[in-house]
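Modelling step: build the complete structure from the supplied sequences, incorporating the hints.
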Amino acid sequence: MNLVAAERIKLLSTPAPKVLAAAAVIVPVVFAALVAGAAEDPATVTVGVSQAGFQLGIAPVLALAMASVTTEYRYETIRATFLAAPARGSVLAAKAAVAGLVSGAIGLLSAFGALGTAALMAPEADLALDTGADWRNVAGLAAYYAVAAVIAVAVGTMVRHTAAALTLLLGYAMFAEGLVSAVPGAGVEIHRWLPFNVGKQFLIGAPDPAMAPTGPPAPPPSTSVLGPWWALAYYAAVALALLGVAVVTTKRRDA
Amino acid sequence: MIEAVGLSKRYGDTVAVDGLSFSVPPGRVTGFLGPNGAGKSTTMRMILGLDNPTAGHALIAGRRYRDLRRPLRTVGALLDAAWVHPNRSARTHLRWLARSNGIPARRADEVLEAVGLATAADRLAGGFSLGMAQRLGIAGALLGDPEVLLFDEPVNGLDPEGVRWIRGLMHRLADEGRTVLVSSHLLSEMALTAQDLVVIGRGRLIAQCGVEEFVARATENSVRVRTPDAARLRALLEREGTAVHDEDGALIVTGAESSFIGEMCAANGVVLHELSVLRGSLEEAFMRLTGDALDYQAVKEQEGAGR
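These protein sequence lines are chains U and R, in that order.
Numbering-wise, the numbering used here puts 238 at position 198 of the first sequence, and it's gapless, one number per residue.
Numbering-wise, the numbering used here puts 55 at position 54 of the second sequence, and it's gapless, one number per residue.
Do not take every clue at face value.
[What the hints assert, rightly or not] What follows is a set of in silico ranges between Cβ atoms, one per label pair, in the way DEER data are often shown:
{"id": "1", "chain 1": "U", "residue 1": "Ala56", "chain 2": "R", "residue 2": "Val6", "range": "17 to 27 Å"}
{"id": "2", "chain 1": "R", "residue 1": "Glu114", "chain 2": "U", "residue 2": "Gly129", "range": "56 to 66 Å"}
{"id": "3", "chain 1": "R", "residue 1": "Arg107", "chain 2": "U", "residue 2": "Trp233", "range": "44 to 54 Å"}
{"id": "4", "chain 1": "R", "residue 1": "Gly117", "chain 2": "U", "residue 2": "Ala179", "range": "19 to 29 Å"}
{"id": "5", "chain 1": "R", "residue 1": "Asn37", "chain 2": "U", "residue 2": "Gly225", "range": "22 to 32 Å"}
{"id": "6", "chain 1": "U", "residue 1": "Ala216", "chain 2": "R", "residue 2": "Asp14", "range": "30 to 40 Å"}
{"id": "7", "chain 1": "U", "residue 1": "Ala179", "chain 2": "R", "residue 2": "Ala119", "range": "25 to 35 Å"}
{"id": "8", "chain 1": "U", "residue 1": "Ser130", "chain 2": "R", "residue 2": "Ala62", "range": "16 to 26 Å"}
{"id": "9", "chain 1": "U", "residue 1": "Arg293", "chain 2": "R", "residue 2": "Gly20", "range": "15 to 25 Å"}
Read the hints as simulated data drawn from the structure, not as lab findings.
Being a predicted model, the structure only gives us computed values, none of them experimental.
Where a beta carbon is used, it is the ideal one built from N, C-alpha and C, also for glycine.
Written as C-alpha cells, this is what we have:
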C-alpha cells in the first residue's frame, strides 16, 4: 500500500499527467458534442454514437500511463524508486494499479460526460441506458481504459524511452492492429485475437439489435468471437501477461 | 556495517569490478578511493541492489539490499543528485520517498531543515543549483534515519562552503555510530574526510587500512642531500645499494635513513649543506599504489595535469 501511495504522489505531483488526463476527458466529450450537434435526425444519435470518441481518448490515456514509467527513466528517478523499493515487481504492480485506477476514473468521467453532452446537444435523442449493452458501452469504458493503462505501463517499462514507447504503442493501438486484418491469409483470424480489438468487443460487442449503431461516426464493430465478459477477461489477461514480461525484464536489467 | 564479498561486474569483455572484498565498520568515515573509472560507482550500485553483480554479493547490516523490507530506514544513499524530477518540488520529492517506506511525512520537512533547504522546500527541484541538488540528495539519504550511509563523490562541483559542510556532516554521522562510506577520486579530499580507506584500482582492491597507515605503507621515505662533493657521495651511497637521483643540484636518496647518510658523510669527510627527510604525501602514496592499476582515462588525465 505504501508503494501505491508513493506512486500516486509521483503521478499527481507533476503537470504533464494532469494535462493528459484533462485531454482524455475532454476529447470524447467534444467529439460527442460535435456529432450530436451536427446530426439532422435525432434518431441517429444513439448511445453508441455518443461514445464514439473513446477511440481518440485512448491516446492520452496510453500516454499518461506510459509516462508514469518512462519519465522515471528519462530523469533517472527510477533508481531512487528502486532504492526505496528494491522489489521491482511490487513497484511495477503499484504503477500499474495507480495508472489503471486513474485511467478508469478518466473513462467514467469521459463516458458519462460524452453521454450528457450528447443529450444536451440532441435533446430528442434516445440516450437512456436501457440494456446491459448500453451500460457496458458507457460505464465499461472505465475497464477498457484501465486495462489499456496496464498495457501502457508494461510497454513503457520494456522500452523505457518515452518517444519510442509512445510511437510504438499508439501506432499499434490506433493503426497497426487494425491493419493486421488486411494481411492476406491468416490476417483476419489473427486480428480476432489482438488485445484492443478484443477489448472493444467488451465495450461495444453484442449490442442491442434495435440500437446497433450503423456506419460512421460509430466505430466499426469488433471482430472478436468472444462474448463481452470473456472478451474483457482475455483483454485483461493479455495486459497482465505483458506486465509479467516487463517485471522479468526489469529484474534482469541493471537499473 | 557493509560487507562486499568477491563482488564482480563484467560488461561483455570489460571487467569493471573484479573479485572485490572489503568491509566498512560503523562509527568511522571510510573513504572509497580510486581513480576515475576504477569501479567505485559500479560497486556502490551493486551494494545497493541497482546493478546485479556477475559474481559475489554485498551485505548491509548482514542482509542483501533486496531483502531489506523498508530499505530507506536502514540505508541512505546519495549516488547522483540528478535523480530528481525537475517539475517536482523538493518537499514532494521527499514525500513520495518517505511514503514508499512508511516514513512519516513530517520527516521531509525535518531533513530539509537539517540540510538547510527549508526555505526552498516548495521550489521545483529543476531550478536547483548543483549545491542545492546535492543537499536535496543528502536530505533523501537522511530521510529514514539510516544506520548505513553511502555517498558517491558528494563534494564534486561544490563551493568551499558546501565542501566544508559535507565533511562536517560525514563526521557527525560517524560520531553517532553510523557506517559511512564516501567515494572520491581525490586523495586530498579523503585525507580530510576519512579515517579509514578502501582503495581500488581497475576494479581490484589495492588496500584497506587507516589513512595514515596507507601513506606509511605506500611511500618510501626519501632524503634530500646537498653537498659540494656530490659525485663522491653518490658513489659511496650507490655502493651501499641505495637509489640516488639528481634533482636541481641535490641528491634524492631512497632506501637509506637520514642518520645513516649523515654518519657516512662524517666518516668519509663529505661536507653537507643540507640533509632533509622528505615525507611522502598522500597523493604520492595514492599514485604509487594505484599506479599499476590506472586505467587509460586516468593516465590521460595525469598527462594533461602534468603539462
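**Report entry** Violated hints - listed by number, lowest first
**Finding:** 1, 2, 4, 5, 7
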